[in-house]
Amino acid sequence: MPGSSCDVQSEAAAPMFCGWTQALGAGQSFFMPHDHHDDHPHALLPPDPALRVKALETILTEKGLIDPAALEEIIDTYQNRIGPQNGARVVARAWSDPDFKAALLADADPVLAELGLYGRQGEHMVVVENTAQQHNMVVCTLCSCYPWPLLGIPPGWYKSDAYRARAVREPRKVLAEFGVTLPESCAVRVWDSTAEVRYLVLPARPEGSESLGEEELAALVTRDSMIGTGLAKVPGEALA
Amino acid sequence: MTRVHDMGGRFGDGPVAPEAEDAPVFAEDWHARALAVTLACGALGQWNIDTSRHAREKLSPKDYARFSYYEKWIAALADLLVEKGVLTRADLEGKGAAGLHKLAERALKAENVAGVLAKGGPADREGGPLPRFSPGQAVRARIPADNALVDGGHTRLPAYAAGAQGYILRLHGTHVFPDSSAHGLGEAPEPLYAVRFHASALWAHPEHPEDEVVLDLWQSYLEPL
Chain A
269 MPGSSCDVQS EAAAPMFCGW TQALGAGQSF FMPHDHHDDH PHALLPPDPA LRVKALETIL
329 TEKGLIDPAA LEEIIDTYQN RIGPQNGARV VARAWSDPDF KAALLADADP VLAELGLYGR
389 QGEHMVVVEN TAQQHNMVVC TLCSCYPWPL LGIPPGWYKS DAYRARAVRE PRKVLAEFGV
449 TLPESCAVRV WDSTAEVRYL VLPARPEGSE SLGEEELAAL VTRDSMIGTG LAKVPGEALA
Chain B
9 MTRVHDMGGR FGDGPVAPEA EDAPVFAEDW HARALAVTLA CGALGQWNID TSRHAREKLS
69 PKDYARFSYY EKWIAALADL LVEKGVLTRA DLEGKGAAGL HKLAERALKA ENVAGVLAKG
129 GPADREGGPL PRFSPGQAVR ARIPADNALV DGGHTRLPAY AAGAQGYILR LHGTHVFPDS
189 SAHGLGEAPE PLYAVRFHAS ALWAHPEHPE DEVVLDLWQS YLEPL
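Chains A and B, in that order, are what the protein sequence lines are.
Position 135 (the first sequence) corresponds to 403 in the numbering used here; numbering is contiguous.
Position 97 (the second sequence) corresponds to 105 in the numbering used here; numbering is contiguous.
The shape of chain B in the complex, shown without the other chains (with noise of 0.2 angstroms):
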């Protein structure tokens, strides 16, 4: 079973409500102060961004479902600070301990800040499993789609596209697997491909005969025709 996060071609969420180009980029203030704190505690590298993504997927689905898109980041990051030792439960209630956290040297510095942010965290690695398909093969998602490694875990393969059959379009390299990456158990990277759908592949009632949904995928997600 997935997660509530997994919510690609579900129905009854209603129209979309485009914004002006020109509405502000946080529409509060809290919004901004959200992902600020969120990324300068990455920057304490107590975790990656599978790690990080993992805790916004294991909130209950009735938060998941009822907090806002910033709600999710913060409720998310103070589960993560606990369940990675960083804080207590004491800490959340104002109850924790005085004075400087043995992790206060790691913190962000705001001359630091346009360096990290430019450094970026790229996800391909060397190595790994040689690629087992080539551009224009034909292959199937797995079914189901769930993390292999660990029951209720991260995976990148929407359940929509499980068991579906596609067609590969390009390969973007060899890149740290989130199943793995997101539980401590290592980046085990994989050959990394996109994979393109026919709609019809994927939907009993496709808009148009030639629409296509491209995916990007790992190889242990995929298996030849």
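This is chain A alone, in the form it adopts within the complex (with noise of 0.2 angstroms):
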């Protein structure tokens, strides 16, 4: 009967851990796992997602596995403090400095320490520069990877599997579907980030931009235009 442990045991003089069966309100629906022909432990936990994930954090937090503090320091730090706006700095200084450009393409990981941007899936840097002959875009087929202390956490779109499976074989589709269309003169250079290895892309700085300021123009560089599926904002762009 499910739930009858919990409740008996609750009874008891030395009191068994009930987790998330109390936690969530011990509904009948919980108790039926969808897939109990699977033998992975997670089948174990409540199908619905919201669900699934509030019950382990319920038992890792009874158990002292998870400080919940902690839980919303991680996700206020990629909700709002870590994001498009540390590479879109790194971007707008690269297009206004010739020499910190150079050091950067040369050898990003000290270049990018000193301003604060090293960190946890942004071990292993590097920046490729898009030119008028060849166009760089960034995927990883097999997972998720992508430069974290950079950019954040990656969209949807770039963990979804059409994004996964076609970057590498069809990548000017691809981009066409994101509004991008190159010309021919331009080669598609994809890197599929398969090991430790970060990349962001150094977007090639829009025309009319000239007189701008670093700021000025970090507001051009799109989150996009670093992973490759987007070019910087043109100036008037960006003011609309």
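Simulated from the structure, these hints should not be mistaken for lab results.
Mixed in with the good hints there might be a few duds.
[What the hints assert, rightly or not] Quick list of in silico lysine-lysine cross-link-like pairs, DSSO-like style, CA-CA up to 27 angstroms:
id, chain 1, residue 1, chain 2, residue 2
1, B, Lys110, A, Lys322
2, A, Lys369, A, Lys501
3, B, Lys92, B, Lys103
4, A, Lys501, A, Lys427
5, B, Lys110, B, Lys92
6, A, Lys427, A, Lys322
7, B, Lys127, A, Lys427
8, B, Lys92, B, Lys127
9, B, Lys110, B, Lys127
10, B, Lys70, A, Lys501
11, B, Lys70, A, Lys427
12, B, Lys127, A, Lys369
13, A, Lys322, B, Lys92
14, A, Lys322, B, Lys103
15, A, Lys322, B, Lys70
16, B, Lys127, B, Lys117
17, A, Lys427, A, Lys441
18, A, Lys501, A, Lys441
Two chains, two frames, some hints: make the complex.
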């Protein structure tokens, strides 16, 4: 009988841990794993994804294995503090300062470390420059590798089967779905992030941006332009 | 044979759906929680990044295909916690023992989050075999794209590149070898290269004769030509 062991044990002198079954209100549906024929342990958790996460979080918290305050800190970090604005600052600086750009392209790690942009999922950075002859585009066909310290958590499409499957085989068709059409004279180089090296695209500086300072330039740099599925905005577009 | 995650070049997935630049980082609250719980559990030090990638890859192909991104994360995390003996199946059923876990003292504290994320987990190592290849050199990627150490094990050689001829673009240094590291067989660091392949070496119908794909490949994935 679902839930009975929990009810009985809660009466015992040394109460047993009841975990998510109590935390989630012990609704009957939670006790019937959707894939009970599957011997993967995850099938023992509730099938609904939000409840599944909640259940695991509850179990781990009760055992002292995770600290809820630490979870909040991680979420706040990636929701509010680390994101494409970091990469945009780097790109704007590279557009403005030829020495910085040369150092960044030659060996990005020490340059980024100096800016405080080293960290998890950005331990080994390579920056690749778009030119009139070559457009760079980044994918991870095997999972979702992405330069977190510079771009944050990847957008949904980057992690989608369609992008992972197609970016290496038909990058130009994928680019067209982002509204980007490259001239025949421009070759595409797709970087499949198969190791712990993370790639950042240095997009071409847009025309009409010659008089702008770093802060205004950073506003032209989109997340997609640093993945290579977009181009930097032209100044009028940024104001729109 | 490769697993279902190795999807580079696959047909039939339909169009990519771009998102607005200012779309929420986490489309659902539970996505954020799944990410945070996974990172916090990683800090317990019971596995490495290669182990956790392998845990997602060895979800059943049916689950891998039907689960959304963070569903894969949370399912793989639950499996890994049991596989590594951190939790029991009874724990997952809500019938486990009460009280603090013996690993509780290792739990990531809020005040240490920034430091842990900033420290990262570099994969480069001293020593290991000397580089065998130089930039510009022609190489062939090993075929089949299987883990040579563990049957059905983790590898970072995508099937689409197996057997293809490419050219060494650069040496990244000597990095932990995932095919070994994912299975508790040691870090076994090897030289890691960026290798460029002409699209025509990979696909029967390349879009453009000058297009290329670059992969990061370990030395033992490559043979000289």
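Structure-based check of all given hints:
1. B:Lys110 <-> A:Lys322: holds, 22 angstroms
2. A:Lys369 <-> A:Lys501: holds, 20 angstroms
3. B:Lys92 <-> B:Lys103: OK: lysine 92 of chain B and lysine 103 of chain B at ~19 angstroms, within 27 angstroms.
4. A:Lys501 <-> A:Lys427: The hint holds at about 24 angstroms.
5. B:Lys110 <-> B:Lys92: Answer holds: lysine 110 of chain B to lysine 92 of chain B is near 14 angstroms, not above 27 angstroms.
6. A:Lys427 <-> A:Lys322: Distance of about 23 angstroms is within 27 angstroms: holds.
7. B:Lys127 <-> A:Lys427: Roughly 25 angstroms separates the two Cα atoms, so the pair holds.
8. B:Lys92 <-> B:Lys127: holds, 24 angstroms
9. B:Lys110 <-> B:Lys127: Measuring from Cα to Cα gives roughly 25 angstroms; hence the hint holds.
10. B:Lys70 <-> A:Lys501: Violated. Lysine 70 of chain B to lysine 501 of chain A sits at ~41 angstroms, over the 27 angstroms cutoff.
11. B:Lys70 <-> A:Lys427: Given pair lysine 70 of chain B, lysine 427 of chain A holds - Cα atoms ~18 angstroms apart, limit 27 angstroms.
12. B:Lys127 <-> A:Lys369: holds, 25 angstroms
13. A:Lys322 <-> B:Lys92: Distance of about 21 angstroms is within 27 angstroms: holds.
14. A:Lys322 <-> B:Lys103: Status holds; Cα separation ~16 angstroms.
15. A:Lys322 <-> B:Lys70: holds, 23 angstroms
16. B:Lys127 <-> B:Lys117: Answer holds: lysine 127 of chain B to lysine 117 of chain B is near 15 angstroms, not above 27 angstroms.
17. A:Lys427 <-> A:Lys441: holds, 18 angstroms
18. A:Lys501 <-> A:Lys441: holds, 21 angstroms
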